[in-house]
Amino acid sequence: GAVVSQHPSWVICKSGTSVKIECRSLDFQATTMFWYRQFPKQSLMLMATSNEGSKATYEQGVEKDKFLINHASLTLSTLTVTSAHPEDSSFYICSARRTGAVYSGYTFGSGTRLTVV
Amino acid sequence: EDKVVQSPLSLVVHEGDTVTLNCSYEVTNFRSLLWYKQEKKAPTFLFMLTSSGIEKKSGRLSSILDKKELFSILNITATQTGDSAIYLCAVEAYIQGAQKLVFGQGTRLTINP
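Protein chains in written order, with this note's numbering: chain A, 1 to 117; chain B, 118 to 230.
Don't take each hint at face value.
Stated by the list, open to error - When the alpha-carbon atoms are kept at most 16 Å apart in a straight line, the in silico EDC-like pairs for lysine to aspartate or glutamate are as follows:
1) A:Lys41 x B:Glu156
2) B:Lys157 x B:Asp119
3) B:Lys120 x A:Glu59
4) A:Lys66 x A:Asp88
5) B:Lys154 x B:Asp200
6) A:Lys66 x A:Glu52
It should be emphasised that the hints constitute simulated quantities derived from the structure, not laboratory data. Since this is a predicted model, take the numbers as computed values, not measurements.
I would like the entire structure built from these sequences, with the hints used as guidance.
As C-alpha cells, this is what we get:
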C-alpha cells in the first residue's frame, strides 16, 4: 500500500514552453502533497506544500507564478513549470502524506527529470 | 532557521566494513526524524525515530536518536555493494503552522568490492 505515482519520469522541453508534472496517490487519499526539487549531488529542497481544495503554500524564494501547483482532488496534485528556462532543469519529486500511517506516512513519487533546452 | 546537517557528505569503504552516518538538527516543534535511502530515483523509507535511546533495527541497518543532544546515527554493518546510495536524514517538524520535512544534505556512501 501507500503508492505514489509521478508522471512523466523524464521530459525534455524547449525554452519558453510549459511542462506539467502529475503526482497521484494510488491507494490512499492525500489532503497534503509536497513538491521538492533536487539538484545534482544535493539534497531535496521543499518548494511548496499542496493542499487539496486550497492554494499551495510556497517556500521562501520559490516563484509562485513560475511553479503553478493545483491540488484539485484528494489523489492528484500537479506542478506546472511555466515558461521554462535551462536553469529550471532539475529533478522534481513529489510526496504525499498519509494520515494515520503506522510509520512515517510520507511516500515519495519516483521523480521527474526535467531538461530544458 | 530550521536545519539538518549530515556528516560525512561522502564516504567510501570496502565491502564488509561497518559505517556510521551522522545527522544533527536544530528545529522547533520537532515531531520525528526519518532516514531514507536514495539510489537513482525516489527516496525509500528506512526508519522513523521519535523517542530517544530506542534503537530501531532492520537487518544490517540500525538507527538511534538522541533528543537531548539533537542527533541521530545510522549504522550499517557488513556493508555490501548494494548499500551504495545517498542516505538522507529528514526531520519532521511543525514550521509556520504546517507539518513539513526538512532534509539534510545527504551522505553519499560508496561500497567498493
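Against the structure, the hints:
no.: 1; hint: A:Lys41 x B:Glu156; in the structure: holds (12 Å)
no.: 2; hint: B:Lys157 x B:Asp119; in the structure: violated (27 Å)
no.: 3; hint: B:Lys120 x A:Glu59; in the structure: holds (14 Å)
no.: 4; hint: A:Lys66 x A:Asp88; in the structure: holds (10 Å)
no.: 5; hint: B:Lys154 x B:Asp200; in the structure: holds (9 Å)
no.: 6; hint: A:Lys66 x A:Glu52; in the structure: violated (20 Å)
Against the hints set out earlier in the document, violations occur for numbers 2, 6.
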